[in-house]
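For the record, the sequence lines run as chains A and B.
Sequential numbering of the first sequence, starting at 48, is according to our numbering.
Sequential numbering of the second sequence, starting at 48, is according to our numbering.
If you're looking for bench data, these hints aren't it; they were derived computationally from the structure.
Honestly, I wouldn't trust all of these hints.
To be verified - Under the rule of at most 16 Å between Cα atoms (straight-line distance), these lysine to aspartate or glutamate pairs were calculated in the EDC-like manner: (1) A:125 - B:177; (2) B:57 - B:150; (3) B:248 - B:102; (4) B:66 - B:179; (5) B:67 - B:209; (6) B:248 - A:102; (7) A:125 - A:49; (8) B:230 - B:209; (9) B:109 - B:263; (10) A:248 - B:223; (11) A:125 - A:102; (12) B:125 - A:102.
In case you want the letters, here they are:
There are 2 protein chains.
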Amino acid sequence: MDPVRIIEVKESVLGDNNKKAEELRASLKKDKTFLVNLMSSPGSGKTSTILRTIEHLRDEFKIGILEADIDSAVDAEKIQAVDIPVVQLHTGGMCHLDAGMTETGLNELNAPAYDLVFLENIGNLVCPAEFDTGAVCNMMILSVPEGDDKPLKYPLMFSTTDVLLVNKIDYLQLSDFDMEAMKKRVYNLNPSIQIFEVSAKTGEGFGAWAEWLRIEIRKWLT
Amino acid sequence: MDPVRIIEVKESVLGDNNKKAEELRASLKKDKTFLVNLMSSPGSGKTSTILRTIEHLRDEFKIGILEADIDSAVDAEKIQAVDIPVVQLHTGGMCHLDAGMTETGLNELNAPAYDLVFLENIGNLVCPAEFDTGAVCNMMILSVPEGDDKPLKYPLMFSTTDVLLVNKIDYLQLSDFDMEAMKKRVYNLNPSIQIFEVSAKTGEGFGAWAEWLRIEIRKWLT
Numbered sequence: 048m049d050p051v052r053i054i055e056v057k058e059s060v061l062g063d064n065n066k067k068a069e070e071l072r073a074s075l076k077k078d079k080t081f082l083v084n085l086m087s088s089p090g091s092g093k094t095s096t097i098l099r100t101i102e103h104l105r106d107e108f109k110i111g112i113l114e115a116d117i118d119s120a121v122d123a124e125k126i127q128a129v130d131i132p133v134v135q136l137h138t139g140g141m142c143h144l145d146a147g148m149t150e151t152g153l154n155e156l157n158a159p160a161y162d163l164v165f166l167e168n169i170g171n172l173v174c175p176a177e178f179d180t181g182a183v184c185n186m187m188i189l190s191v192p193e194g195d196d197k198p199l200k201y202p203l204m205f206s207t208t209d210v211l212l213v214n215k216i217d218y219l220q221l222s223d224f225d226m227e228a229m230k231k232r233v234y235n236l237n238p239s240i241q242i243f244e245v246s247a248k249t250g251e252g253f254g255a256w257a258e259w260l261r262i263e264i265r266k267w268l269t
Numbered sequence: 048m049d050p051v052r053i054i055e056v057k058e059s060v061l062g063d064n065n066k067k068a069e070e071l072r073a074s075l076k077k078d079k080t081f082l083v084n085l086m087s088s089p090g091s092g093k094t095s096t097i098l099r100t101i102e103h104l105r106d107e108f109k110i111g112i113l114e115a116d117i118d119s120a121v122d123a124e125k126i127q128a129v130d131i132p133v134v135q136l137h138t139g140g141m142c143h144l145d146a147g148m149t150e151t152g153l154n155e156l157n158a159p160a161y162d163l164v165f166l167e168n169i170g171n172l173v174c175p176a177e178f179d180t181g182a183v184c185n186m187m188i189l190s191v192p193e194g195d196d197k198p199l200k201y202p203l204m205f206s207t208t209d210v211l212l213v214n215k216i217d218y219l220q221l222s223d224f225d226m227e228a229m230k231k232r233v234y235n236l237n238p239s240i241q242i243f244e245v246s247a248k249t250g251e252g253f254g255a256w257a258e259w260l261r262i263e264i265r266k267w268l269t
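Start from the sequences and build out the full structure, keeping to the hints where you can.
Given below as structure tokens:
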């Protein structure tokens, strides 16, 4: 296997991130590329969720991936192993991505060649919520073992995301996670959010999520 | 139940955090207070680990708790429910605590009245590792569902901590978590780290961890 491409990215010190993000979204529209910014805590299953989603959509859409981490390339190697183009971004200790860092990654990937690009953000429920990356869709994962109280503690993340995947539902049998209480907390913060219950380990629930994403991508590409 | 005391804390804009942290540690030594800075991802079990540790040590030591969150007081309420003094710190969106914020919390709690204070930091594996809070002991939790690859992705956190609790070992039966591989990755970063395997849900492993902490506290108090 070829070594993963690793790019060092740095926070933009000048300029307005919101303006940069709007410009990036306009380019993505022109180039017909649907960019998903995927955020979650460390270890909630971002990479395995991307891998399951690839299985459902790779026959219809050209897919590329940006993996952001402080260090290592273990996630990018998992993507490369299923023959999907991937670039690993290293943030040099930074806890989030901004629009400039995202643009650097998209250029390196040659994003206009793809219909769908996933940007796997740094595992963190705080900082990534504060920076618009320029993505078309903000997506987050909450995994069952993290607990149903997370919307109370990290409200900005749940407020700024378009879609929430509740992952690791295969752990519900060992957990006191209250799905309805969690959803109520999320809808209080964000009434228009889409929520899907899934298990990236077993594949359960991915049909409904992939169908929703398929429709969103088609809207963007036409 | 009385309402939880909630204090808004702000990052120090002036001065040297490392110097401030050293001064705070010197005061803690003089006042005979052992301060533990507890860090982890969101939902890895910081509050339930503190509650289990309280059960083991409350007859020997006077214990007080500082709970830091961006929002809510759900964790502080759980501590208060077992009759342990607690102050809730709200960071106004900040992703970590610095030594000045910690000092504000300690003053509000009246820390010299306690032998042992836990500071539950913001749930985040990135930012809290970068700021010395002035604590005597840095402690982190990694929970089994987060995966055994986390030391590769968040090396600074694993490098700067004195003790690691591997929590939720009751989930090992459903997981492919490789305990030995994880430990090898951690020892590569931090050869002198102490590691304990625990389940805050069942109480398993808390005897050994509490015994280690008991010895460390006694060393500090004499």
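- Starting from residue 109 (chain B), check that the Cα of residue 263 (chain B) is at most 16 Å away, please. holds, 15 Å
- Is the Cα-Cα distance between residue 125 (chain A) and residue 102 (chain A) 16 Å or less? Holds, because 13 Å separates the two Cα atoms, which is no more than 16 Å.
- Query: Does the structure keep residue 125 (chain B) and residue 102 (chain A) at a Cα separation of 16 Å or less?
  - Reply: This hinted pair is violated, its Cα atoms lying about 43 Å apart.
- Task: Starting from residue 67 (chain B), check that the Cα of residue 209 (chain B) is at most 16 Å away, please.
- Result: Violated. Residue 67 (chain B) to residue 209 (chain B) sits at ~20 Å, over the 16 Å cutoff.
- Task: Decide if the proposed pair is consistent with the structure: residue 248 (chain A) and residue 223 (chain B), CA atoms, cutoff 16 Å inclusive.
- Result: Holds, at roughly 11 Å.
- Is the straight-line distance between the alpha-carbon of residue 248 (chain B) and that of residue 102 (chain B) 16 Å or less? holds, 13 Å
- Query: Is the straight-line distance between the alpha-carbon of residue 66 (chain B) and that of residue 179 (chain B) 16 Å or less?
  - Reply: holds, 9 Å
- Message: Holds or violated: residue 230 (chain B) and residue 209 (chain B), Cα atoms, limit 16 Å.
- Response: Holds, at about 14 Å.
- Item | Given pair status - residue 102 (chain A), residue 248 (chain B), alpha carbons within 16 Å | Status violated; Cα separation ~36 Å.
- Message: For residue 125 (chain A) and residue 177 (chain B), compute the direct alpha-carbon distance and say whether it is at most 16 Å.
- Response: violated, 29 Å
- When you check the alpha-carbon spacing of residue 57 (chain B) and residue 150 (chain B), does it fall within 16 Å? holds, 11 Å
- Query: Keeping to a limit of 16 Å between CA atoms, is the pair of residue 125 (chain A) and residue 49 (chain A) held or broken?
  - Reply: Distance of about 12 Å is within 16 Å: holds.
The structure fails to meet hints 1, 5, 6 and 12 from the earlier list, while all remaining hints are met.
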